[in-house]
Structures are given as structure tokens and as C-alpha cells.
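Q: 27 is the number of the first residue of the sequence shown in my numbering; add one for each residue after it.
In case anyone wonders, no lab produced these hints; they're calculated from the structure.
All residues carry an ideal CB built from backbone N, CA and C; glycine is no exception.
Careful, some of the hints might be misleading.
Derived pair list, reagent style PhoX-like, types lysine-lysine, alpha-carbon separation capped at 20 Å [to be verified]:
| hint | residue 1 | residue 2 |
| --- | --- | --- |
| 1 | K379 | K362 |
| 2 | K191 | K169 |
| 3 | K403 | K362 |
| 4 | K382 | K403 |
| 5 | K284 | K403 |
| 6 | K379 | K403 |
Using C-beta positions, here's what the derived DEER-type ranges look like [what the hints assert, rightly or not]:
| hint | residue 1 | residue 2 | range |
| --- | --- | --- | --- |
| 7 | D129 | I48 | 51 to 61 Å |
| 8 | G56 | Q230 | 36 to 46 Å |
| 9 | A181 | N67 | 27 to 37 Å |
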Amino acid sequence: QRLQASLQHVVVTFDPVNGRRIYVNGEFTGDLDAAAGGTLNDWDNSFAFVLGNEVSNDRQWSGVIRLVAVHSRALTPAQVQQNFAAGVGEKFFLLFGVEHLLDMPKSYVLFEAAQYDSSSYLFTNPRLISLDPAARPGTVNVKGMRIGINAAEPAVGQAYQLLDKTVTDSDYVPGMGAPLSDVGTVIGLERGPELDEFYLCFDQLGARTDVCSQFAEVEPAVAVPTARPADIGVRTFDSINATMAAVTGVDPNNAKVKATYSSVRQSLPAVTDLDAFLSSHQTSIAQLALQYCNVLIDDASGARVAFFGSSASSAFSSSLATGAERNAIIDPLIEKMIGTAATQPAAATVRPKLDKLMTDLCSARACGGRRTLDVAKAACGAALGSATTLIQ
27 QRLQASLQHV
37 VVTFDPVNGR
47 RIYVNGEFTG
57 DLDAAAGGTL
67 NDWDNSFAFV
77 LGNEVSNDRQ
87 WSGVIRLVAV
97 HSRALTPAQV
107 QQNFAAGVGE
117 KFFLLFGVEH
127 LLDMPKSYVL
137 FEAAQYDSSS
147 YLFTNPRLIS
157 LDPAARPGTV
167 NVKGMRIGIN
177 AAEPAVGQAY
187 QLLDKTVTDS
197 DYVPGMGAPL
207 SDVGTVIGLE
217 RGPELDEFYL
227 CFDQLGARTD
237 VCSQFAEVEP
247 AVAVPTARPA
257 DIGVRTFDSI
267 NATMAAVTGV
277 DPNNAKVKAT
287 YSSVRQSLPA
297 VTDLDAFLSS
307 HQTSIAQLAL
317 QYCNVLIDDA
327 SGARVAFFGS
337 SASSAFSSSL
347 ATGAERNAII
357 DPLIEKMIGT
367 AATQPAAATV
377 RPKLDKLMTD
387 LCSARACGGR
397 RTLDVAKAAC
407 GAALGSATTL
417 IQ
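Could you put the whole structure together from the sequences, leaning on the hints where they help?
A: Below, the structure is given as C-alpha cells:
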């Protein structure tokens, strides 16, 4: 009975005590969950959350979703009502000029309007107002107000047709006007928000009868200026993991990699906003990069050969004393982890830094055997965990 062929505000909450509760247009439906409440402790990150269809893609829903929000806690009834009252979508103030009909300068009938769904508009809170702060209405009779669209009056949606109100100075608040009705109405969409034009007609307005407004001017609601977002952002946790897997060729389901990812996942970036990036994010990225490099280089006959090539085998068993030995490791890192795109650091800038890192590590303790592999992993981790793979 609550399912209607119009845009509705639907909230489903879940908590250990009440289980599932459903709210429609801000009100609890009263339906009780037959299953007991519980927690989400057994949630697995491989679970799919799908809206509008089944994961099999064969049960498509033909509705319209205007906004979806997933919260980390069950909303209270007051919060549900607050969100419903806020509404969704862009609202406009429609000013219908009536100065030519009233002895009141700069006078208008003002509506709050919004596109209600894919086939209609919502008109609410009509009021008589003047843009002249000194103006007052005196006594204005308002009867039989109707909304017209594209030179015609719709037969349905005329909730103000029975309006019969007398506005006086005592009803009027400068800057706010005088309310005409506290109900809203829905008018069918015809050409769309960019082309539809509206007007008002009245059985009586002031001393005039059977009159209509002038062309309605559209004034968008005042927008709060915000800072321009950055042109670049950072990859989020799942994208970082997928990128490192794709670049190195290491399976993200490898036991060591998966264990590291699970332990640092909560500390990886959750949003792409560059301003939200923290030093703790970089620490976790470095841990994950080093684990990918650890698995890559330890797989001597598989992933390592696929990434570095068979010609680099001798370098991994050397002391890395020569530039040629170090370049056998550095060149594939630059080619596959950094690339040659114009927005990436130049190889001439990166190579000396990786070479110095390897040289310093081998100077601190002589390379050879396992030490050579560890130094190679350090260079790999520095390249993989850098901004070259993080920035997007």
C-alpha cells in the first residue's frame, strides 16, 4: 500500500535490537522484522552491494534513484525525518510578476519549485511578496489561483484552485512576504526543466478578476561558494591494491599480499580528495608496496622473470657493484611502474634516485645473495609506493 508510482523517500535501518526498520517519507511503516536483529561482523569485503538490478543482470528495476546514502550507523527517527524534510535535488524560487495587477510595487507571487521526479514538478509554499522593502499589500483578496504551463492550464494538480484568502498588512513580513497556502502540488512535466514555462491565473487578485501573471522569472536558490576541487586526486584503497597487482603481475589473492592488504586496508585512502591524504596513508601504502615487491622478487622463476626479464637474472645474484647491474633492475621498474607519460616524472630524474638508494644500501652492508634481493625490493617498493602510482 505504501509503494506508489512517484518519487518517495525510503530509509531502511538495521541494528542489533530492532533488526530492519523501514521508513517511507519520514514515517516508520510499523512493519516488524520477523528475523531477529544482529551485527555485520561476518560481512566480507567480497560481498556485492547492488542497486537497480541483480548481480546476474537479469532482474532490472525500472525506477529512478535520485540519491543514495549508506551510513555507518542506524539513523534515528528524528534523523530520518530531518533528511526527508531536506529533500533531494535542486530547488528554485519562481517569481510570478503581479505588479501590473496590484497597487504594490515590485510585487510577486513566489513559489518554491523543484523537479519532483522524471515526469513532474513540485510547487510548494506560495506567498505574496514585494522586492521593495518599504512596500505593503494593504488588503489583497486572492481567490482561485491556478498554475499554467506552456500556455495551458493542466486539468490536474490545481491544488490552489479553491484558494480563498485575504492578505493584510498584519500578515506581511518584509523580506519574507505573506503565506498564501501551506500545501504543495504536483504539475506534470512537458518539455523539461530547460524549456517548460509557467504562469499563474486567478479568479480574483486584489480588485481584478480573471487575470494572469506576467512571465515568471526563474531565480535559482542562493548557492554557497565552495573551493574549487583539485585537478588531481589519489586512488582509494581498492584501486591502490588493484593498481599494484596489475603493475607487478602479482596475484592480489596471494596469501602474503592479501594478509598485508587486510591489515592496512583501513589505513589506506578512502576518498580521492588530495587534501584528505595523510602521512599515515603513505605509511600503509609503503607497507603494501613492499609486500607486493617481496612476492614479486622472491618468485625467481615466475613473476620475477615476467617482470624483469631473464637477462636480469645475473643482476639478482650479483653484488650490484656496477651501474649495469643496478640498471638491469632499475630499467624495468621505471618502464612498468612509472612509464613515459608526460605527467609522470622523467626517467632521467628517477633513475639517479633509485641508483643512489641501491648504492647507499649496498655501501651500508655489502650486497650479494639475500642482501641483493632485499635491496632490489627496497628499490621496487620506492617506485611502486610513490606518487607515480598513487596520483590520478
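Q: Confirm or reject each hint.
A: Going through the hints against the structure:
no., hint, in the structure
1, K379 to K362, "holds (17 Å)"
2, K191 to K169, "holds (6 Å)"
3, K403 to K362, "holds (15 Å)"
4, K382 to K403, "holds (14 Å)"
5, K284 to K403, "holds (18 Å)"
6, K379 to K403, "holds (15 Å)"
7, D129 to I48: 51 to 61 Å, "holds (53 Å)"
8, G56 to Q230: 36 to 46 Å, "holds (44 Å)"
9, A181 to N67: 27 to 37 Å, "violated (56 Å)"
In summary, the one numbered hint that this structure violates is 9.
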